[in-house]
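Asker: Chain by chain, the residues run as shown.
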Amino acid sequence: MKQQIADGVDALIMDNRDHVATVLREIMSGDTVRYRDDHGIREITAIDLIPFGHKIAIEVLDTGDDVCKYGEIIGRACFAILVGQHVHVHNIEGIRGRGDRAGKAGT
Amino acid sequence: MNTFMGYERPNGDIGIRNHLLIIPTVICSNQVCSRIMQLVPGTVAIPHQHGCSQIGADKERTFEVLAGTGKNPNVGGVIVISLGCEVVDPYALADDIRKTGKPVEVFDIQSVGGSVKAIKHGTELARRMLEELERQPKVPIPLSRLKVAVKCGGSDATSGLASNPALGAAADALIAAGGTVVIGETTEIIGAEHVLAQRCATPDTAERLYHIVGRFEREVERMGADMRGGNPSPGNIEGGLSTIEEKSLGCISKCGKAPIKGVIEYAERLPEGGLYFMDSPGNDIECVSGMAAGGVHIVCFTTGRGTPTGAAVVPVIKITGNKRMYDRMEDNMDVDVSAMLEGAMSLESAGERIWQEILEIADGKWTKSETLGHQEFSINRIGPSL
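Chains A and B, in that order, give the protein sequences. In this text, residue positions in the first sequence follow the working numbering: the first is 1, and each later residue adds one. In this text, residue positions in the second sequence follow the working numbering: the first is 1, and each later residue adds one.
Just so you know, the hints here were simulated from the structure itself, not pulled from any lab data. One thing to keep in mind: the hints can contain errors.
Said to hold, decoys possible - A few chain A residues facing chain B, derived, Cβ under 10 angstroms: (1) Leu12; (2) Pro51; (3) His54.
Stated by the list, open to error - Simulated coverage check for chain B against chain A, where a stretch passes if three residues somewhere in it have a Cβ under 8 angstroms from a Cβ of chain A: (4) 147 to 158; (5) 190 to 202; (6) 217 to 223; (7) 230 to 240; (8) 245 to 258.
This one's a predicted model, so the numbers in the text were calculated from it and none came from an experiment. Every residue gets a Cβ at the ideal spot worked out from N, C-alpha and C, and that includes glycine.
Bound conformation, chain B alone (with noise of 0.2 angstroms):
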């Protein structure tokens, strides 16, 4: 199969979903933009904490994760509610997001006057705009436009030994067809970032990833604490992760072998063909939604101790190489491949599996955290609440 069915852009981007997207500008229009979700089944609503009290970087961070989602290609349309006096401006982000073409609408809730004037207003514009959306035609796409993220969260030694290698596999099979992989997680290289960096296509990428990893450890050291606990995690540790190092080693066979073309900034988009690094913290949450915001189609997501995030307008597809979490948490995870450690399926196959699983949830089919409703999303937050 060197196609599947998705969507067209209008600005030549494919899509593999075609969401409703609702974008709350601040913390304070959540519950108009959630109610809105509940009576228009099929859109999607990012209800976050943030979009006021915030400057500079962090406020920038903010809108870009904010207009990233919006412009993911997965999203066939945008509505966009304000408060009204929030430090996000709704216009220049409804502008920002009319670039790739697609419909984006605007209002604010203090001009329409209240809640339930805002609810009214928002479900009519949904109804209309998802009866537009639905009429839209899916056509071939070919298998080099798809961009995958790589993420592991959750982790125990399993990760390390199989799922991650498995995953890795696959990450070369998407950029041996042409396409694009995008790996993150700052905070999860470092102890590992030497090995990354003799990948790296230049000295120029080679130095930043360098200084980004130094940047974050400096994070860390400002707290005066040691990060074993925090990261690797109570429940890293329980699984027999013993130290960063340890962790970080199991975690980058995930993004297969292949160069690594460049660094990118967390939220950024992600270019066309081969292999990236976004800079991003080991969070799962804000480490997903930064690299749905640079445009990924799919999340590939390895779990140990097993976890049943999604994301909100990217599938997640869960993968695992523990046998006992699968069969506990089956409900949560997409592809077994647990057989590795026991002598019964190769890295080869593995790789293989995972790869079919993209092929299928490309072309249509659901991911477990679509069909449970999960649709987390979380902004990365780099200056204080004033």
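Just chain A, same shape as in the assembly (with noise of 0.2 angstroms):
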């Protein structure tokens, strides 16, 4: 873990290269979502209901960016993302285990 998780936080990164943060409690759309990075707290608008567990996007990603997490790439934006947007399932898809894919181009 990057750091000691600190109360007073909604959100959690593994790493300062991170793209999403895990949320740490139910989100609503319109709260504000603090999280902790090398430079100290910081705040960010939630635009979807996130529930525990899920992850809020803390950059701007656009369509087919790579986005990290763990400081390492978890997988591919399918649309372009913006701050505080629920990431999951429906925006970003996996780049490995792509039976779908198999044998085509750009994969």
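Starting from the two chains in their separate frames, assemble the complex, guided by the hints.
Answerer: Written out as structure tokens, the structure is:
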């Protein structure tokens, strides 16, 4: 873990390169979400409902961008994603284990 | 505490339980084995779906898992029960397990004369063998002899954030004490294999790790489908995991930070000392059964969604970082490290909590899954049924 989880944060990043944070309580659209990076506490505004344990975008992502968590690539954005949006199976996809794309170009 | 109380086997192995195991060589003898288990409390039967209509490496894998489970050091004695016409040779199986020096009996239902006579014969054997086992004293065993598997199943976002890193800290403690740790689930390092490969002790081991992941991924591609939905599973997805890469990157922290000394085959005997990778599926029961056949004493199992699973001959310690699930499924959970996510428990103290549980379970305390009688067992298949 990047750092000891402090009281008073609503979400957690695992590495400073991460594009997403994991929320530690259910977040409503319009809620302020606080997470900590090396520079201190950051605040963003959620624009979706985000269930406990799910991810919120802390960086803007374009279609096709790699998505990082743990400082590593966890998948690719299928659509443009705004800061504060719920990031999950509806807007990112896996790159590996894609038998549905086996043999097709660009995978 | 540098020792725990356990059982010494004739070949020098040490066990933390003293099971009398009843092995059906084929699905056709499952019912006879299960009846004997019911009639002789304290015995463990491992009914399964296999043992016939199998060839080649697939047949050998079934044999290796049955033999390995019999040879597991937590087993004190074995009864092998055959139908009499299957492909897994019961006498070769009994001979292989006898190499450990433990008592092994073997008979087949066709020769004995049907189910009723087989149940009677097996019950008499089991009662006699169990009396012998109950007379065996426990002796002090150094911690360095302990072999522990790390596994995760029914994962959610809390697994990668809390329970897996905490289990990793406990795994590091065991390796520092001279013990042995094995991690598996080849499917669930897809997307994280480059991180583990950097930790392999030799270039050959790293190459072997890439090889087994590539082989698994080609099998997935052969199915012509996206693996998402199968793994991550619907429950993983509901728990916040979006892709196999995300799940894998959260999985690997459960084995700690030691170098990976080698990659072993499914159900292969685990060497002594340090960290190893077992080529195995992510499927919980198949993976745990392969690790038990490899000779581990304990499986440490993290879960965020919650699963009751145990294993036939090894205690399974259930660890969670999900407070809501712990409150709902406390009957099935041994260790709660969810306070990590509230900032109320450090990674070090969570690791210490798991380490203490490992020591107590090794010393004889029952896990929740043992108390509830969970004895799941399943053999990984790699060939068609003929």
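Asker: For this structure, which hints from the list above don't hold up?
Answerer: Checked against the structure, no hint fails, so every one of them is satisfied.
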